[in-house]
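**Q** These are the residues of each chain, in order.
2 protein chains.
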Amino acid sequence: MANVTVNKTAHPFHKGQFEALLNRRFFYAPAFEIYGGVAGLYDYGPPGSSLQANIISEWRKHFIIEEHMLEIDSTVMTPAPVFETSGHVARFADWMVKDSKTGDVLRADHLVKNVFEARLAGDKEARGIAAQPQKDDDKKKKKKGVKAAAVQLSDEKVKEYGVILAQLDNYSGSELGELCRTHDIRNPDTDNEVTEPQQFNLMFTSSIGPTGQHPGYLRPETAQGHFLNFSRLLEFNNGRVPFASAQIGRSFRNEISPRAGLLRVREFTMAEIEHFVDPEDKRHERFGEVRDVVLDLLDRNVQAGGSTAVTKISVGEAVDKGIIANETLGYFVARIYQFLVKIGVNPARLRFRQHMQNEMAHYATDCWDAEIENSYGWTECVGCADRAAYDLTVHSNKTGHPLIVRQALKEPIVSERLVAEFNKKVLGKTFGKDAGVLQKLFADFDEAQLSKIQGELAQGTATVQLPEGKEVQLTPEVVTIERKTFKQSIREYTPNVIEPSFGLGRILYVLLEHNFWAREQDVERGVLSLPPLVAPTKVLIVPLSAKEEFDPLIQEVSSKLRRAGVFSRVDDSNTSIGKRYARNDELGTPFGVTLDFASVQNRTMTLRERDTTGQLIGSIDDVIGVVTELVNGSIDWPEACKRLQVYDGVQAVE
Amino acid sequence: MANVTVNKTAHPFHKGQFEALLNRRFFYAPAFEIYGGVAGLYDYGPPGSSLQANIISEWRKHFIIEEHMLEIDSTVMTPAPVFETSGHVARFADWMVKDSKTGDVLRADHLVKNVFEARLAGDKEARGIAAQPQKDDDKKKKKKGVKAAAVQLSDEKVKEYGVILAQLDNYSGSELGELCRTHDIRNPDTDNEVTEPQQFNLMFTSSIGPTGQHPGYLRPETAQGHFLNFSRLLEFNNGRVPFASAQIGRSFRNEISPRAGLLRVREFTMAEIEHFVDPEDKRHERFGEVRDVVLDLLDRNVQAGGSTAVTKISVGEAVDKGIIANETLGYFVARIYQFLVKIGVNPARLRFRQHMQNEMAHYATDCWDAEIENSYGWTECVGCADRAAYDLTVHSNKTGHPLIVRQALKEPIVSERLVAEFNKKVLGKTFGKDAGVLQKLFADFDEAQLSKIQGELAQGTATVQLPEGKEVQLTPEVVTIERKTFKQSIREYTPNVIEPSFGLGRILYVLLEHNFWAREQDVERGVLSLPPLVAPTKVLIVPLSAKEEFDPLIQEVSSKLRRAGVFSRVDDSNTSIGKRYARNDELGTPFGVTLDFASVQNRTMTLRERDTTGQLIGSIDDVIGVVTELVNGSIDWPEACKRLQVYDGVQAVE
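Protein chains in written order, with UniProt numbering: chain A, 1 to 654; chain B, 1 to 654.
All the pointers check out, no bait thrown in.
Straight-line distance between alpha carbons at most 30 Å, and here's what the computed DSS-like set of lysine-lysine pairs gives:
id: 1; chain 1: A; residue 1: K560; chain 2: B; residue 2: K61
id: 2; chain 1: A; residue 1: K342; chain 2: B; residue 2: K61
id: 3; chain 1: A; residue 1: K124; chain 2: A; residue 2: K157
Looking from chain B toward chain A, a few residues come up when the C-beta cut is under 7 Å (computed):
id: 4; residue: V38
id: 5; residue: D43
id: 6; residue: Y44
id: 7; residue: D73
id: 8; residue: T75
id: 9; residue: P210
id: 10; residue: I256
The set of hints was computed from the structure by calculation and includes no laboratory data. Note that CB positions come from ideal geometry on N, CA and C, so glycine has one too.
So here's chain A without its partners, still in its complex pose (with noise of 0.2 Å):
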């Protein structure tokens, strides 16, 4: 019984138990559900919450303190010149469209993508092939969305339709637009033809101060205040580079038409790196560490080609060949990976998917997104963008505060240049208002015509055009040129940006889904095997009996756990045992210790563990010592069964 292998996948997924168990368990639910909710605003309970401090602690261990990052926390109210500057005013945009009769919005890519699959649905039930296995609750579902009816199409519509769903991603708005009418794609709630696509902004507006005078916007990521802050986070680092900041805080999104639950909502959690390096030199140190890690990766040139299979390949092949651009991009795309399968993502439904040219933010040259298959197609979690030297740039050159890196070169770089000098006061008397703008040109020069100068001036005048076309003539008591010499100890240059950018809420769900089944021989009843590392609580208490005797045990066990850092709860409440396992098998809870009466006369105690179900028995303090080590993984499962007796008692009814 203990040592039985589980089949997790027992039976197919079954989308309406699981969002059962979601909700009736608290992980989360719609906020202000009393009030009727409003789409894409979701409150986490107890269990969520936890979840997400668990996922937030591993990330700060996995990324923060593993690799010396600087942790800041910047506001989520900012105002507006500074997203004027980063071209979010202007570009930080989806389409949308309108219902042509009701007024209703729509996100126009959404539109296009569920209109064309469930033509291609309606096609395969037509052909007759067996559709995805689907549970009558989410045919239910169905209902509500986007209906397919069963039309046969033809050979070239399912083509085109694939090609246009790989591509649709790089689609301009004119063009989404042009594909609605040529396709006539309508608003399925009411089949009323759509809108022109419009541009809509993403951020959420407000106004700061007493008299409105500062406009505001809530920032839709975390990175503008890294950024901002650069000078300062160079300064805390001694001025070396490259240094990665890290921020998690907030973010909101105004999304037009949240739907997907967790999927896409209009206020997050985010998880967001910034590792400045300098641009001639994307090595990373410890590439060495992460070079052999296998991913699935679907490149630019491959979605662009109508497809979407992917390829499996090393990091370090990827790099030597140019699909990953650099080190250090992909560094933390095989860091990214290395997080995500160890808090429970399931890697065979784990790609990396580059974006498409006209796909990128405004901000990126290059951008891998960690896409994870779930319920609701692939969805991407975890974007890694390359930003170059875009957002220190404007920043700097719209605030005039330098956000440079002062590199001391160890060998100066000696060069030599020719160099014009004026005689100021000549200058200024024979010129009057043209000695400012003569000087100007001059500075402008490059090589060829200053030499061209110098020799018309050893001649006696040099000829030379102002700006407005005026031709003026200069003598060597005007202006003399000359070779010099310069020795340069210091390189400045504005450094690149990698950005490993994080949604918390995505990951959550994913996570949730990949790791929910159904035992057997009992499919009612769901089961999260979330990994005890990210587990909301590690060790249920189970006291058999809520007689007082068990009392002071029920005290030593759990202060003893607490001492030992193992976060456990006691659930003594009025059902039976076989009840309190399966609340607690969907809470995900992995571990539960049962006090019985045996207990109380000879200190032992049984441990469950909820995948298998199996049973173990000891002593109180073995059991303790055993539960701990398996909670921080340095044993498992079948270890512990060495350790400890396999118990077969009956109280412990499933």
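Guided by the hints, dock chain B onto chain A, whose structure is given.
**A** Just chain B now, with coordinates in the frame of chain A:
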């Protein structure tokens, strides 16, 4: 050297030096600084972020884990109806006045306070009474603020100002306007008169969705998220009361004219607990554990008498005497005290002040603030309010969703009462549209009225007056009145809420002030004596040389400390060891370990304590063991001095 007693108040608090340190080491800085900043918005840099994260982590342990609270995470963006119901739209406001000529906006109560305090200071100067010891940089600052003209006031005026200041929080808007007129209070920046006080709502507004159809507010407190989820939380807790929910998150208040750094900001992180209790039983089962905690209390009556003198009293006595209204309120006041002292707040500068009647938020029936003294005066850092059943009641009334507890009674309550029963058929036929009016009328009748009618019916007919005045005759055919027995086995009630609410930024700031000092022998260099529990970095690893032979040792010490759960940083910068220690004294790092050439040869390492600058030496593993215990708080420095040798080497010149 190693065991010197440290005088942490070796010189007067030096505000300019303190602020320069916080700024230089990037504890925090004005947000959007390179754009000129916005008042009331601050970013935390690496040490500020770590300090905040450590305070939060300890808060989680002290409150959430210790008391099995249910943590939630609800949204910031809130649709308007929620705050309309909660009363915030109408009443969450401050009084502002405008400069009559420039239109500059000032908060009315702050204006009165600043002007009176300045006049009192001027009076003291004129009387030749020594002002508080202020350093030169503070004086510079003063010039920008409220001027203190050295004018002597009458003794009556001095007394009057004192009484008004003690009661200021109790003044209404019109009373504040009256004060400005009577005492000729003007805008100190311009000497212009100010306008009548107007209310200004402190919530930031926004709108949700692409068509702007849903007006929304950014929450000014996290509390509503708890109340709206009350039913789900109660269910999660198996229907049992008392229980508490807890939330750590961002809130926003559009302050009128934020000054005073982190003490009055427009965006801040809060930690809030909503403890739900039976209104008829506000005892607390763990009250005995805190009964003997002695606090400085400043109750409502003392303030009403124009005084701010505190009473030193145990929590038990305060509750027994009715100064603190009940055990649960008293329990949390004591737990707040314990938390603040544990993280490093000076208990001698901490008092609990009860709100005066007009001062309380619209939802509170009683409130005690933890106020902490700092260079700006006494500042509210934690509020502990009894919100009674206010919020649950208004939301339940508005939405029709019952926010109640259903308690199974051990003994059913049996009661008898008169009940009217109508013969519906006859009633309808006889009274037509008045039938419903009659039924409603009877439902509202009390026992005495029913008994009178019962008597009349026994005589044949009863006369009843309808609400609009018409009299109708009733017979026993239409209605009978009988005594019936009722058995109630469920008690339904709306719980009361005790709310401890923490402003983490304010706590962080006063913590820094309380722990800042300078050594007598080196007053220009600051030290932050943050307790190891919250210090941003626990151990600094200092290699004496940049030679490569040190690298394996640095690696070893660093990874051994990480495995022991001790957060360390390496400082291998190219400066003297004295400068590196000084930097880390400023960062509040409690311990430093130094690797020198002896370490390479003999595997020894020195350990430095920040406050005493004492140094010890031992084997690398022994030092790691000792420093781990020091950080965990299981031993103190005198104990460490017994376990390792005192070191009086020469390299660690301070």
